[in-house]
Each structure stands twice: as structure tokens, then as C-alpha cells.
Amino acid sequence: MRNLFPKWSNTIPIKLIIALGLLGGGVVAAITYYATPKYTRVGYQPTQPVPYDHSFHAGQLGLDCRYCHHGVEKSSHANIPSANVCMSCHKNVKSDSPLLEVVRESYFGEDSNRDGKLSEEEDVNGDGLLTSGPSVPWVRVHKAPDYVYFNHAIHVNRGVSCVECHGRIDEMEEVYHAKHLSMAFCLECHRNPEMALRPNSEVTNLSWSAPTEPDEDPDLAQIHAGLELKNNWGVNPPLSCTGCHR
Amino acid sequence: MIKENDSLPLLSGKQYWKSLDELAETSEFRSWVGKEFPEGAELLDNVQRRGFLKTMAASFGLAGLGMAGCRRPEHTILPYGKSPEELIPGIPSFYATSRPTPFGFAPLIAESHQGRPTKIEGNPSFTKSGGSTDIYSQASVLDLYDPDRAKGSFTRETLRQGKDSSVRWKKVSTSSLLSKISDWPNEGGLAIITDSSDSLIREDLISKLVSGGAKHLEYEPIDPFLPESSLASSLKLPKNLRLLPKLSKASKVLSLDCDFLGNREPNSIINSRQFMSGRKVLNASDAGNMNRLYSVESDLTLTGGVADHRLRLSSSQMDAFAALFYAEILKLQKSKDTELISHLLKIGGEANVDTSWISECAKDLLKEPKNSVVLPGLHQSKSLHLLAFAINQSLGSIGTCLNYLPVPKRSSYSFADLSTDVDNGLVKSIIVLGGNPIFNCPNSGLGKLLGKIENSVHLGHAIDETSQLCQHHIGQSHFLESWDIGYSWDRSCIVPTQPLIAPLYDTLSDIELLSSIASNTNSSHDLTVFCHTIR
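Read top to bottom, the protein sequences are chains A and B.
The numbering of the first sequence is this note's numbering, which starts it at 1 and goes up by one.
The numbering of the second sequence is this note's numbering, which starts it at 1 and goes up by one.
Think of the hints as simulated: they come from the structure by calculation, not from any bench.
Honestly, I wouldn't trust all of these hints.
[Unchecked claim] Just some of the chain B residues that point at chain A, by a computed CB distance under 10 Å:
1) 77
2) 88
3) 89
Just so you know, even glycine gets a beta-carbon here, dropped at the ideal spot from N, CA and C.
So here's chain A without its partners, still in its complex pose:
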């Protein structure tokens, strides 16, 4: 009787297993690399409606983060400044710049001749009140998922600097996603908060590092400074699921 299968078919099962193994390994590797926040988020740099240069304002001019993001110490949400915050300087500085037209439009709104008063022709909707213009559509860069509760105020007030999550914003011309902000990222810091704590006065000083004694390792200096702060402030970040997934 003739053989039903040729001889080369003997090796098919082993080949199949190897091929499937390689394929499976490849898929796992690809997902680990391409489908995690380290790849999908880091480097995200959308084009903003106004080319606001953080490296100039926060870096060179030395504006404090909280001048614009003033709610960060009080609210869970770090607010994006409203147009009147921009205009408090830009009424006088670069007041004609075409790049700032969007901001001016949002600020002046119905006040089309921009004299600060509302005349009858300007009152388009007829309510007798000076209505401001359309909002400046800033594009969101950092977004915590809806199932994660994140409170800016508690972090900032306990000495976690902006830089820990947002990177060196004061060196960015246009803001991009610097850290991956995955769950592991959060947990790493919640397990070892001493690596990120600093005195409250230095929270918005993004270039700060713990002062070192001669020959002291900077990391060690940070751990010592951080541990002291952790004990003094009673910092005890939650590690339970409900800490963030409320």
C-alpha cells in the first residue's frame, strides 16, 4: 500500500509549533512595544491654536506655572488659562501680533472695536452684556482615562513637582507628552514617594534637584531629602485599587 502522506510531512507538526511559537512571541513583543503608553503616548505633540512657547515664558521669563494654571493647588483639575490671563500681559506686549488673534477674539468677543466698552451696534445678541468670544481651542496633551481619579491639588500640595509627570515643560517650545503615565508609572511613585518629594517652595522649579554634600550621590541626596519630607508630611500614597479607580 502506498503511503498516504509523503515523508516530508513528518516534520510538519514540529514546524507548525515553532512557527506558531514565533508568531505568538512576535505578536506579544509587538503589542508590548507598540500598544503600551510608552509608545502610544510619549512624544504626542499636537499643534496648538496659538504657538505658545513654554520654554520662553516659563524658562526664559521665569513665569511661575501657577500664574496661568492657577487652580492646580486648589482643584483636582489643573485649569488651562482663560484668555483674560493671556491678555493681562498681551494687552501691552505684542498687542498686534497676528499669532495672538485667536486669543484677542476670545477675550474681546462682542467688543469689536476693542475699546473695552459695549456700544449698541456691538451688542449682537441684544442682551446688554459684553459677551466674550469663542474659546481658544487648546488641544489636550495629557489625558487620564475616565476610570482614573487624579487630583492635581493633593500632589502639588504634598511636594510632587510638575516635572515628575509632565517633564521639563520649561524647555519645551511646544508641549509634548514626555512621560508615559501608565499605571506602572503611577504605582512606582506611590510605592517609593521619596524619589519624587521636594520642598513645597520648589514644586514649580522644574530644574531643582536635591542639594548634595561634596561627594554625595545626587540620587542618594534625593532619597534622604524625600524620606525626611515623607515623614514630616506624613505622606502615605494609596496603593489600593480604590485609591485611583473610585
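Since chain A is already given, all that's left is putting chain B on it; use the hints.
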């Protein structure tokens, strides 16, 4: 083609039907059953269902090819142009206000997120309710965002095309409608139908209009003022008598179909708080001092659930029960008034109740007569309220466990009066403020009256049955959008209503409408009327 099997035996046993049409075997039903697809399914010309599905499936498949769905969606953050002072996004602000209800103004604290009211709680500085509210106040914030709200003002318009005519609502600006209303013959030709309210401003404006010759009709679907006015008329008093329980001192309470802890009676929040304070057991000695509740009721209520002793009794027998109970009290008090007792026993003759229940209850109440109270239900008859008054008087609990508060009489103008006035030509225009009288009072004959007169307008939350019979409809502002001030139910305080947000739509509050008729100031949120009244 499958042919119907005619040789099947006829169905036997009980036959069930799913709709009235099926039961009646109408021809429409038969043809509907016979068709594979509902009418209109094949209306698209030149497009077959199969072809359509093929194209759609292909386009969905192709849409995925470009991996367009894998991009992170761009999300914008829209800050203010000019931020309101002191506002921090993410931190809510709280404002004190109140909700006008048929049972007085309920003091509230409303939470607002960036100008939008989101949550309502009771005002804790109103110590009697201590920061609690009822279910209606809690839910009332949703009315503000109700998609069925009347979003402005509308006028009925009849379109004619040959023989056919159809009616539709045409949106008009509220200010133009207001100027039209102020042109209506004002002197004596105006009737205002309102729901009840304890608003001081509305009272002031209406009395101004009434003195100018307008008629004012006040109604509620379930009249909360009937007991107090019937007590006044029976006792021949110049003012109405409003029953206000003071349950914190009560040790025995008998409820006669009165859900005073539930949501059917006025003051229920305060009642619950006061009543339950007598049930707090903090140590062993408190247990003996707990209050006791007897509930005679025709329904399953919260009060019945809390009661220590509950007696089922139909509403119609409540009078007889109260008469027997009163007779028992008088007997136990060794009253000499045998004529009254025999009369009461005659009234109570028809009651089908356990007499031992009555005598035990009466004995218990008489142990501490001054701290025992009988509460009659709001919906109950005039005679029951009178009997309860007499029982409370003989117990001597008036003043300790309940008060009868004299309150001003309400307008006595009725739908019958309105009907005669319309027939005599004394009323030419009708303004319906709030409520939905056509639906709530179907026997009032208001529908016919609205057909007879020249001008009619309904101010309401939504276009409803009443609006359908009026010529114009004006959207009513929510209480979170309007100013007002009025009494709480117990008249112990005057509570203001302040708006948290400017009206979302082109709507008016009842006060704005009345003030525009009374004094021709129709600017919305005009504080002059408000300030004038407070002064």
C-alpha cells in the same frame, strides 16, 4: 409557497390575544400580520435591501483599512474668554435658594459647577429640616435640563389648504408676545388661573391686578387648603386654620389615613425629623420613653411601615372610626355629654372595626393626653378634620404637640364663577399660570370656556393639554432661573429664591409675566419688583 393547512382541527381551550386589534380581528390587523415587512420598508426606489446591505458592509470594511480608528482622538479644552472672578474649574460653588411648592417654599442649597446647577440639598441653616429635602426637591434639578421643556414662546397657527386645515405651534419671541398680552383689554376682562403658591411677590402682584378688576382663580389638583378652610368655615372663624404637628414632644400619635412621614402630606420632612427624634435610643432608659405610633390607613404608606400598631381600614370608614374613637375618649374621660356620645356612636355604627383596638388605643393615648395627638389625612373629609380637632381639643394637646395656625383665606373664586363670568361677557381673556388644569381638573369645564373667549395664554413648563386649548404658550422659567420670595409652610420664615443661572431659553417666570401685565416692566430679572415687595 407554503400553503396553509386548512385541515387542522379548530383550537380548543382558552384562547389568548396580544392586542385589542387581534381580539377584534380587524382587517388592518389581518393585513399587518400577512405582510413580511412593515409598510414603507420597500419605499426606496431602485434600492434593494440586499444591495443596500452589501454596499454598507463593503464601506464599513474599507473604512477600517486606513486604520483611521487607531488615531488618538483630538480633544480640545475650552477655557473662558473672560473667566468669572473667584471661579476655579473643578471646584463647585453653593448657593442658598428655595423651591416654591404648593406646601410653601422649601429652603435649599444648590450646587453649581461652572454656572450649571447640578445638585440640590436642603438648607441646613433652616434648623427645622436641618438640611434634608424631599424627593421632589432632589429631582427638581432635572426639570431644568428636561428636553421636553417649552424652549420659548409659541403661538397657535392654523394652516389652511383648500378644505384641509392643520394646527401647528409657531415659535415667537416672548417680548413680542408680552406686548401683545399687555394690549388685551385689562379692565375687568381678565381672569388669572394659577396653581397655589406662597410667593409674596405673586400675592402682591395679583392683589394689584384684582383691585384693577381682574379675577383670580387658584386651584390645585389635590387641594392642600381644603382642610384648613373647611375647619374655618365649620368653626366660623375669620381665618383658615392650618394644622401644624409638633411631634418632638409627642409620645403617642394616632394617624387617621395621614401619611405625615411620607411624601403625601405637607411638612413631611420636618415631621419625620421631629417624630424620629422621639425614637432615638442612646441608653437603656431611653427605651421606655420611645414614642408610639398608631396608624389607621387605607393604603401601604411609609407611616404605616413605621407604625407600632397598624389598622387596615377603607378611606370611607375613616369618619366612622374617628367618631367611635372620640366616643371612647369621652367615655374614658367620664364625660357627661351623653347626647354627643350617642350621636357619635350612631355615626360610628357603620364602621366595621375591632372595638378592642379602639379602646386599647384610646386608653394608651389618655395615659399622657397632653402629649398625644391625632392627625387626620389631607385628602380626608371635612368631618374627619373636625372630629380630629375635637379629639385633640379634648386631649388637650393643642399647643404642646400640634398647633392650629391661623392663615389668610384663599381666593374663593371657583370654576363655576368663572363660567358664569365668561357667559356674561365679564371675562374676555384668560391667563393660566403654571399647572395643567385641563388635565388635572377635567370636570371643571375650563376647556369649553377657553373655546369661548377671545384671548388665552398658558405659562407652563411644557406644551401640555392646557396649552393645546390656549392660543399662546409661554415657556416657564425653572425656579433655578428666577427670583421669588415666599413663606415656608409653617409660616415661621420667609425664604428667598435666587436664580443660579440666567434663563436657558426665552422663558418667563410667573412673576415676570404678572409684573409685565401689572406695571408694564417686562425686562427679565428686573429687581425693582423684588425689592419693592421685600420693603
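Which numbered conditions among the earlier hints are violated in the structure presented, ordered from lowest to highest? Every hint satisfied by this model.
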